[in-house]
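Protein chains in written order, with this note's numbering: chain C, 1 to 253; chain V, 1001 to 1646.
Hints are computed from structural coordinates only; laboratory data are not their basis. Hints should not be assumed to be uniformly reliable.
To spell it out: a stretch of chain V is covered by chain C in this simulated footprint if at least three of its residues, at any positions, have a beta carbon under 8 Å from a beta carbon of chain C; those stretches are [claimed, not checked]:
| # | region |
| --- | --- |
| 1 | 1135-1147 |
| 2 | 1232-1243 |
For each label pair, taking beta carbons as the anchor points, the in silico distance ranges come out as [to be verified]:
| # | chain 1 | residue 1 | chain 2 | residue 2 | range |
| --- | --- | --- | --- | --- | --- |
| 3 | V | Lys1018 | C | Asn85 | 51 to 57 Å |
| 4 | C | Asn77 | V | Tyr1139 | 41 to 47 Å |
| 5 | C | Lys111 | V | Leu1555 | 26 to 32 Å |
| 6 | C | Gln20 | V | Phe1613 | 52 to 58 Å |
| 7 | V | Gly1383 | C | Ser155 | 55 to 61 Å |
Built from N, CA and C at the ideal position, the CB exists for glycine as well.
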Amino acid sequence: MAEKILRKIKLKIWRQENAQSKGYFDTYELENISTDASFLEMMDLLNEHLIMEGIDPVAFDHDCREGICGSCGLFINGRAHGPDNDITTCQLHMRKFREGATIVIEPWRAKSFPVIKDLMVDRSAFDIIQQAGGFITINTGSAVVANTILIDPKSAETAMDAASCIGCGACVAACKNSSAMLFVAAKVTHLANLPQGKPEAKKRAIQMAKKMDELGFGGCSNTGACEVECPKNISISTIATLNREYLSANVDQ
Amino acid sequence: MQTFESKIPDGPIKEKWKKHKESIKVVSPNNKMKLDIIVVGTGLAGGSAAASLAELGYNVKSFCYQDSPRRAHSIAAQGGINAAKNYQNDNDSVFRLFYDTIKGGDYRSREANVFRMAEVSGNIIDQCVAQGVPFAREYGGTLANRSFGGVLVSRTFYARGQTGQQLLLGSYAAMNRQIANGKIQLYARREMLDLVVIDGKAKGIITRNLITGEIERHGAHAVVIASGGYSNVFYLSTNAMGSNVSPVWQIYKKGAFFANPSYAQIHPTCIPVHGEYQSKLTLMSESLRNDGRIWVPKEKVDAIKLQFSEIKPNDIPEEKRDYYLERRYPSYGNLVPRDVASRAAKERCDAGFGVNSSGKAVFLDFAATIKERGKEEIEKKYGNLFQMYQKITDVNPYEEPMMIYPAIHYTMGGTWVDYNLMTTIPGLYAIGEANFSDHGANRLGASALMQGLADGYFILPYTIGNYLADEIQTPKINTNVKEFEDAENAIMERLKSVMLIQGSKTVDYFHKRLGQIMWDKVGMSRNEKGLKEAIEEIRTLRKEFWKDIRVPGSLNNINPELEKAGKTADFLELGELMARDALQRNESCGGHYREEFTTEEGEAKRDDENYSFVGAWEYKGEDSVPELHKEHLEFEYVKLTQRSYK
Ligand SMILES: Cc1cc2nc3c(=O)[nH]c(=O)nc-3n(C[C@H](O)[C@H](O)[C@H](O)COP(=O)(O)OP(=O)(O)OC[C@H]3O[C@@H](n4cnc5c(N)ncnc54)[C@H](O)[C@@H]3O)c2cc1C
Ligand code: SF4
Ligand code: FES
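Kindly produce the complete structure, drawing on both the sequences and the hints.
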């Protein structure tokens, strides 16, 4: 599709000074945006204008700008990562928007992800969940030679599918219960499918799920909204794996 | 107290590391518990180091500017990681990996360091598999390999097109285990702003809390810098937006020598630039060159038609295509090293054969492979890369060839370190892309991940003990001393002064202008006149920056523009040093290509007699010219030849 110029768009953006202050929507207009520009490049342009007008630019998280670091995450027109499938916010392009469109931009909304400024939220709860068990207990230097343990390619692929999670938090933002189930299930599924991760699989499932509850994430009611918005296509079948590990662990106890 | 000695152990190359390990000091478990180590960076280098040091019992403080260690720029590495496992039975060996790396680096790296990296490469794969890294597998369950540019064997391990991500999640998981154990204290959303040196030794850092704006003091018995590379000095690069030179620059100004700053790598397969507003460039993994063929039209009329979108690439018949890499380099073909492939693309485009509207693009075509082996196989190997390409360009690469162009990707230069990875400041270490050590003037594909993890898992944890063994009597570092206070005051001063200017231009304005100077005059192709102009232009731009920059917001809140301003201010100084270094090196080698020094066929021409050295720069103060120190490189095991990939 050839490049076009959007002569005018309207942006309705959530502004919030810091975690303590109250937020509000402000509206800005932007002219002459190339449809080949990425969404975040459009935000850069907006900020350049705001700075020149003496208005505080809009803060948002981003880093790699190629869909892999998981830093970015905007709630655009009611959808986590905006109106395109299987992508992160930084991979969204302006060709998805029409001339004259009004674009509503909000931060992730979830109790466990408090807003810290404008469109930035605190996702450290995700790190804390990982610290509760999202690893294999092995010290540097104590590994066996790699090919001693064979892994059938199918298990490796299933593990890889789940391991693709970038920790962006879109699943939580998309879920009406603000559940982190998909995120937790992805890690549990990744490691449970590998022989190296099996010994701790049950313990891992229990500890991570427990931590998730403690941190105030909601329960899962199987609406599947998470899967739809997940930029990495993490399947809700991982949640079944999590449940299986979790239940069998409880039976064992 | 500065030492500029490589400290390469004596003896045959195969024995050096082993003997060295046996001879260096070890710290007892009891004493390790009393020692604090700061690690700046949570990428593959910093993450693996932090986890391994904590496992050993040291108290680690880990810093990153992102909100989580898992987001370090290493996450973006796509193609793979090298290791001399010889799983393909194609006669690979530690020596061959060593040899390829020295040759690929155009004979500008240290033999001893490179050999050690090759030696531990196999352990890295073992370690990562044990952590649960889901590498690609063969049907029988063994590990799979692919080949990468610049070598004739297949030794690259990969996890789809997401190898960096998976390796990083491995070291992140190892870190998490130690965070849970209380052995790593994590400081995310922190930016290092200076190094603190007490009695000639590194004793701590000053950071800014990026949420509250608070300036913090952190003390430790040793400091490790693992802050990554500085490609963003070019503004447009494949690096993450936040990648920066600042920690490396801060320690340079405190006395750590900066080696080979001009050695920057251009990656041949990136998505071409498309507009003024562009904020970064996206890499298409080099592994694509295994199955894609690179071409431009043979005839200029066809190129012009493509530039005006009058025809489609598939309208050009086979016999009218110029597969110029296969033509010029029959033995390596599309797999020549990065610098060679990049210059060849530039040569064709400069000659008028570029294929997009700006004339700055060539084709990377998968049609032949898809026809031969089916779409599915390509999808399995590169699915996420193809998807990424389509999302950005709106072109389906299964049906039309990709368009690519070279972009700045990696910096071989960095902080000078000795064999122990210690800088010229005692107690200060540099690992990963932040140091200069293993890639000479050009890095081979899939070797950065190997180096970062070699440094962090298997080298630093040993060598740091040699220094710390003499620090066991040193109590916890008291940060209420003059040195910390002075450093903190100097930082406050700088932050305040940048906020005070309130000029008429944004940070990006200056950064873009710097990038343009760097790309035009200190980029893929350099000459004396351009480099001298660059030095002057950068100086002028720097002055303008400090007069006319506008940084909004406040010091006590989240302020991304303030962070950017600090990084850009450092880039504005670094750019000049890069030009200076490129100017003193009157030869072409690897990524450093001087138009005055080429063979008759236009290939890079080294001058081993006069330039077989590491150029390490010592900071001499703001208005003084830095001093160049030379570490002469000796080659005992590899015979120097003109690189040839024909
Ligand atoms: C797109 C892309 C693809 C690549 N693909 C490959 C590949 O396939 N194979 C390969 O071998 N190599 C590849 N590379 C190169 C490789 O990824 C990097 O060289 C390597 O990951 C660098 O790792 P690192 O640990 O040294 O630094 P990084 O991963 O860059 O980490 C830097 C760390 O330092 C922290 N930091 C930086 N500045 C500060 C500061 N001021 N204060 C506090 N913390 C700070 C950051 O937060 C981060 O945690 C690729 C690079 C790119 C850009
Ligand atoms: S599961 Fe998907 S949506 Fe959730 S954090 Fe991971 S990548 Fe993001
Ligand atoms: S910025 Fe890294 S995923 Fe979007």
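A quick look at each hint next to the structure:
1. Remark: the region 1135-1147 of chain V is confirmed as covered by chain C, as 9 of its residues place a Cβ nearer than 8 Å to a Cβ of that chain, reaching the required three.
2. Residues of the region 1232-1243 of chain V with a Cβ under 8 Å from some Cβ of chain C number 3, which satisfies the need for three, so the listed coverage holds.
3. At about 53 Å, the beta-carbon gap between V/Lys1018 and C/Asn85 stays in the expected band of 51 to 57 Å.
4. The given range of 41 to 47 Å is respected by C/Asn77 and V/Tyr1139, whose C-beta atoms sit roughly 45 Å from each other.
5. For the pair C/Lys111 and V/Leu1555, the supplied restraint of 26 to 32 Å holds, since their beta-carbon distance comes to about 30 Å.
6. Range check, C/Gln20 to V/Phe1613: Cβ separation about 56 Å, and the 52 to 58 Å hint holds.
7. As the Cβ distance of V/Gly1383 to C/Ser155 is approximately 19 Å, the hint placing it in 55 to 61 Å is violated.
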